Amino acid sequence: MAVKVLILEDNPVARSFLCRVVRESFSDAIVLTEAGDLETARRHISLTGGSQGLHGADPFKLILVDLELPDGNGMELLAELTHYPATKIVTTLYSDDDHLFPALQCGADGYLLKEDRFEVLVEELQKIVRGQPPLSPAIARRLLTHFRPGGDSLAPDSGFSPPAFTTSKPVPMEKQPDHERLTPRETEVLTYLSKGFTIKEIASLMGIKWFTVNDHIKSIYKKLNVSSRAEAAVLASKQGLV
Amino acid sequence: MTATAAPGTEESIFELSGLEPGAPQGHRAHLIGWRRRALVAMALIACLGLFGLTRWLALTPHLNAHWTTNGQGRLELQSSPLPSLQALQGRTLLAITDAQGRQLPVDVLLLHRSPRWQVDDAARSRQVLQQEALAERLASGSVDLWFETGQMATVPAQPRGFAGLGWMLWPLAGLALLLVLFAAVVMLARPHARNLLFAVMALCQAGNLLFIAMESTRGLGLPVGASSLDLQMRLALDAFTGAAMVHAFALHPFRLPRARVIAGLTWAGVAAFLLLMQLGVLTPVWWWAQGLCVALGGVALLVIRRSLQAEANPYAVVMQRLGLVTLATLVLVTVAVAASARMPVVAHGVAVGASVTWYLFLASLLLLTPFLARSRQVLREFALLAGVSTVAASVDLLFVAVFSLNAFTSLAVAVFVALALYAGVRQFVLQQVLGRNMLTTERTFELLYRAARDVQVRPRRYPQRLGQLLRDLFEPLDLVRVSRVPSRTRVLGGGSALVVPVRGPEEGQAPAAALLLRFAKGGQRLFTHDDARLADRVVQQLRRAVAYDQAVERGRHEERQRLAQDLHDDIGARLLTLMYQAQSTEMEDYIRHTLQDLKTLTRGLAAAEHRLSHAAAEWKADLTQRLTAAQATLGWSFSCDEDLRLSVVQWSALTRVLRELVSNSLYHGHASRVDVVLQIIGPGLHLTVADDGQGRNPTAWAHGLGLGGVRKRVKALGGTVAWRENQPRGIVCEVQSEAFNVTS
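Protein chains in written order, with this note's numbering: chain W, 1 to 242; chain R, 1 to 744.
With the rest of the complex left out, here is chain R (with noise of 0.2 Å):
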């Protein structure tokens, strides 16, 4: 069913998501490269920021030594190059010397990273208070270590230099950088309050991946500020992310009514929230934050599962699934975290890994998500990404925490138990996440087998059989015809709209009308790429089908039209000779009844159809023609419902049954009249011909040629023919036909 789109839905949808980067409209190609200069600028911004930035931890000050945690909770210094703490290799370490010159007591807490994932608030004042201290120190130009043993060693304080930095930073530093430019073409491609809400995404958690990147260097000695601001700022950027996720589901795919409000009041929330939690009240700190997160990811659930009901939306089925499952791991990670924090040997590990693997599968999904209606490939793996990492890294921290295994021997049982399962849980995942995967190619071929045939049957319905074709291949929610033609097949609104450009049969015909396909499968599947080409083949091979048939048919025309011509010319004019020639008038009334029947015998293998209207006002003139010549009176009534197409047998047939029974009537009845009434009403024919001539007892004629041909061409219609007798004179011919109009 087709439907006209309002004008102004039909532009919405037309229009490009501007989560596609770097696809803007045509009419905007003089901006192109304002914005190509603009994202290159940031482009050298960034990458001059992420140099300043790790040029600046270059050169933060650290002790060049290696240490190891004893089993008490203190370090103990493994190795060292400095000259001053050679000697005091082994030994545990007690206390440091803080900025006002007082010792501090400090313990494995000095190693550990990321307050924000530090469970315990005591803990974590604790590993604050050491962190800053010693970084103060260190800045100062030395530090003052005090050992177990009373020994106390003075240590310089290096930068770090680059190779400093350790294997960890320039990875995620490389995902951060990647981020912001993705966060930059987003907005360059459409500034739109969608795309800032994911470039705020994208650069608060590139801000998060920058922190753990800071955070992963090894050893003592972290830049000064970098522990105490750690848990507000990425606080601070975890909640902004979780807001900006709700107000963007609230705005797209569906603009809910009420997405104002909903958004004003997510954003308060986090605002007031921070507040509190700077000003200390909100306690135990992890589990409200970690609270925090997971409302927010609740929230977000539920507004795109309201836009769902309000439209069935591909992009949203999407975009809920993903969300359960991120919401899943959130939610595990939580959880592993939790349970480690008991065990105070393995909590900081389980933490690290946990908040590194979470970020890390934020971060690719944030990458990933535009590219959704790209490929179906992308989507599969994505899918599979998904399913894989969340398994993995419970796995992971299920062994770490429960089973108190090595964290290297945890990680290789949770890569190995992974895997398993990817290869064995693959088909289930993909198809819960993408939706059923409808298009076999079993069923894809006979869809447009069929299609084909019946478009070489009826050529006429191509329009209608190519809409139909599409309807069953892609299930769409609404197909309509839209006047903006695009050239090729196109994937719009980010997966959720295809637009086919439907040409007409013949060659270089520019297409006049596209068909517009709103969301696939009844709106659970999005459109991808490959849809678009497979759509384009569809059309192209329909093209053909329908291109083929007529070439053929043109073929048999021109055959046809030729054997016509030559049966005509050379059959027809040695007739007219022999007419001419005629010794009597029988003979020449013979042979020119024989010429007119060759005439329209060859007129019917010439044309291609004969118009039941064309033909009746033919039959008429040339009947009252010839009836007039014999000094005759016609009297034609005719009647139709339906102005048919009538087939070369059909019209052949009655042009020769009326000229032979008007004949008869002429020639062998002498009627001075004759009444002819010839009905067409639907499928049945009825055709009398009567006269007021001498004719008599018509049951007791022998039948000659003319006569047996009017049976024969009375059959080849599907009818029957009778004779009987005229009151007060002459004779009445009916025929009869039920199966005359027989539609294919």
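If we strip away everything but chain W, and leave its shape as in the complex, we get (with noise of 0.2 Å):
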């Protein structure tokens, strides 16, 4: 059965690199679908069934979004798609947190930096696939202020702290659920990525296999998801949209 790709790029040169780079990754026998915008990334989306996943027809499996697009950002994609049965993987020029972030909370399940090269585009494809997603020191960052009770800040890098007046940030009343919060190891993991190490050192300093900390990497990046979806719904349901 032919392993159907959806890759979205409007740059056609960058198109025509990445589907070598997905074609150079697996074995099976791959269909490419090409799309330059969103909303031809729809049309084809709905063929196989729509955004919800009602998928009697043959889904994609593996979706490439790039999220600078000429009709839009590639993450109002992500986040229609949040129920398809795919792996999202975001490409894009941006490598810092500011951008990715936000990406990786539609529901991204691992991103690719178009400036790398080809054999570093097909290994880290091949680990998103596998599970195994990249987390830079800025991302883990971001998600180590994110996971923290008290919520989501400003990111430490962006202007004025604020005033040495303001009361004390405001505590939840309610404890977040327990698939929103991040175990101890977790935590730990997170914080040696935002120090820099690799995960070979961190698995040597924690004193674990190597695949374990990718096993809490693929569980913070699960628990980023539902968190956000969970944030999305209690927003929405404040704004009567539910």
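Be aware that a few hints might be false.
In silico DSS-like cross-links for lysine-lysine, where the CA-CA straight-line distance does not exceed 30 Å [stated by the list, open to error]:
(1) W:K61 with W:K222
(2) W:K218 with W:K127
(3) R:K521 with W:K195
(4) W:K200 with W:K222
(5) W:K209 with R:K715
(6) W:K222 with W:K127
Hints are computed from structural coordinates only; laboratory data are not their basis.
Small disclaimer: the values here were computed from a predicted structure and weren't measured.
Hey, can you piece these two chains together into the complex? The hints should help.
Dropping the structure here:
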């Protein structure tokens, strides 16, 4: 059975490059669908059963979404595809956490940096599909603040910090449910990542196997998905949309 | 220096002084209605009382005639509308018939007022005797007058009527009414021991004024008992005033440890004195009376001095100065009256004038004292009032007593002299009583400007700078942060404290804390409402400076971000396309390197600052990834003593230098291991990149764009870079900078 892949990328040169990367990464038979903008992508997705995943037809298994698109931001598509049963990967030129973190919150399973070499991209893609997504130190920092009790705060490197007067931050009255909080091991992994240690170094520092570290990272991603969706749901219900 | 105040003192300081009438706390709002009603009731009663008094006076029988004094100290009939006296104009009155029908010789003492201010005991008793006899006779309906030529006239006693009350009565009575109302308001505002004493003083002086008003009626005929009671009552009123003042000074502004003892002794002494006076033990009476008043004044001054020594309080300082002036006036008045007693012609005029001046002065002091903090204008004019009236009174009395001038002339000369002194000595008097006026406009502006500039450069220092500015402007004894925050700057404790709400720089922020300043100018000065307004404006200006700076910075930041975004998206996308289409690996690497440099630059533009720890983590991860991809290993060592905030220049320079040097080791040196050591200790930076590649003889290298870029970046960091050979293989690049982290 051929594996269906959707590549959403507006730059045709980059698109063909990504096609080569995908073909090189997997030994399965690949059916590549290319889209140059959001509308085309949406049409393709609705052909496979729509974004809610009523997939009688054969759905995509892998979707590569470019963040910088001419008719919108790739994150909109990601948000629509939260229940779609595919591995969603974000491709972008930006490597800083201000751009990547919201994409991860929208439900991406991993990210690829367009500036990387061919071999690096292939390896990263394989790792993501295997369930070993990357995590840069900046993103690890954002994740730590995101999961800290008290909610998300400003990224530390942006602008002025609040003046010395303000009263202490409001603390949530209810405890967040377990699936939205990190276990101590996960927090430890994140902290090491935020300091720049590699996965191998973390494994040896914590005395666990390399695979376990990756499992922790995968679980962190999932929790980010869930907590982001939960936040969105709360927000939506507050605004009376649900 | 800030400190936390003990809860007790904070509360007590924050309470309003009881001497600020009509300003009860918010939580007593439900009682205000009660107080207002009580005040209205008291006012009504006082007015009715006054009306009753004047009506009673108007009904008092009197002789409808005008009298003058002749040279021999006797009365001469000047004119009269009564038919029985028409023929006797110009005659000297010798005697009247008293209640028992006997003839009582009378003289000029019959016209004199106020036995309290009669120096000679014998003269006083004669005066009282004559006036009481006349009053009794008048009460019976008619009085017989014996004139020098042996003529006798029986004159009917007529009630005065309101017209006969004299013009002096109304202002004096009005002033007394004002004092009574004031006492009532003060008592209602805060029922407190201090206010009770103040009310006692006000009521006593009101009584004194009423007595003077009563005796200011012209002509012959006072109410029965007025003369005989005059001395006792007025002495009692004066003594109570003095004792209340001593007691009040012992309690406020600083409660002395032995306040009860002092107060008790004072009241007991006064009571004993009055008793002795009643028994007639103390003679000469007038001297003893004045001595008592002066002694009480002296004791009050000593008490306030003791209070000052215990705690420097500007209120006490002002009270002390005013007290000195008052006591000096009293002594002067005493001396003048005593001196003029030798000259019977002018003695009475001087006595009356002096006593009226003195009581008016005291009454105005009582009325104005609680308003000391309201406005500097009031304080200034009041200080002048004190000085000028003292001088005017003394000069007047001096002229009358020494130069025997006519009362009118001397008054005119005195006023002239006083005005001349007013003009000449105004500034001097103000400075002496109010303390040096340290806040000139120029100095205020200078302090504010400096603070605003400092806050614009370093907005984080806003709270400290504000505290320092307030301290420079007002020089308080201490500056304390409190948590109870008023909505505007307020003067508390009658001027002894100022509480300034401190708002954050953003608009619409509720003030989170307040600064409490106590005792301006090291305890020498009171806070006035001008000071409160100044503090409000100062805070507002500083906030504006910070907000302006923040707005400018925000604008700049947004502009940089837009620039970075445009650069990144357009140029970056094109470089990416170029990279994909590169014909050779070197070309591809070169373009990739360029793309990464572009990203570094745009990221440096967009983000405001970079923390050293975060940057180091990213460098390590980045280098690890690149070396792993090139099948090399990374040795990474990083140490710093402080998590600095790197500027754009520092961050982008370091990032690109690292990238360039490692690229060099990888692609030109084909290294299999790269060791990076980065140390940022104090102001210095030390970076070493060592590899085990093929590079040799670095001095012979021709530096291309890459290494030239490294030198440029290192120069921007204020340092030097050098390459040398590594043992046994490879190259070491050392970057040194001693001026890397120079804190501004």
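Status of the hints after comparison with the structure:
Only pairs whose Cα atoms come within 30 Å are accepted, and W:K61 paired with W:K222 is accepted, the gap being roughly 18 Å. Distance hint between W:K218 and W:K127 is fulfilled; the C-alpha atoms sit about 11 Å from each other, no more than 30 Å. Only pairs whose Cα atoms come within 30 Å are accepted, and R:K521 paired with W:K195 is rejected, the gap being roughly 54 Å. About 22 Å separates the Cα atoms of W:K200 and W:K222, which keeps this hinted pair within 30 Å; it holds.
With a C-alpha separation of about 45 Å, the suggested pairing of W:K209 with R:K715 is violated against the 30 Å cut-off. This hinted pair checks out: W:K222 and W:K127 have alpha carbons roughly 16 Å apart, not beyond 30 Å.
The earlier numbered hints that this structure contradicts are 3 and 5.
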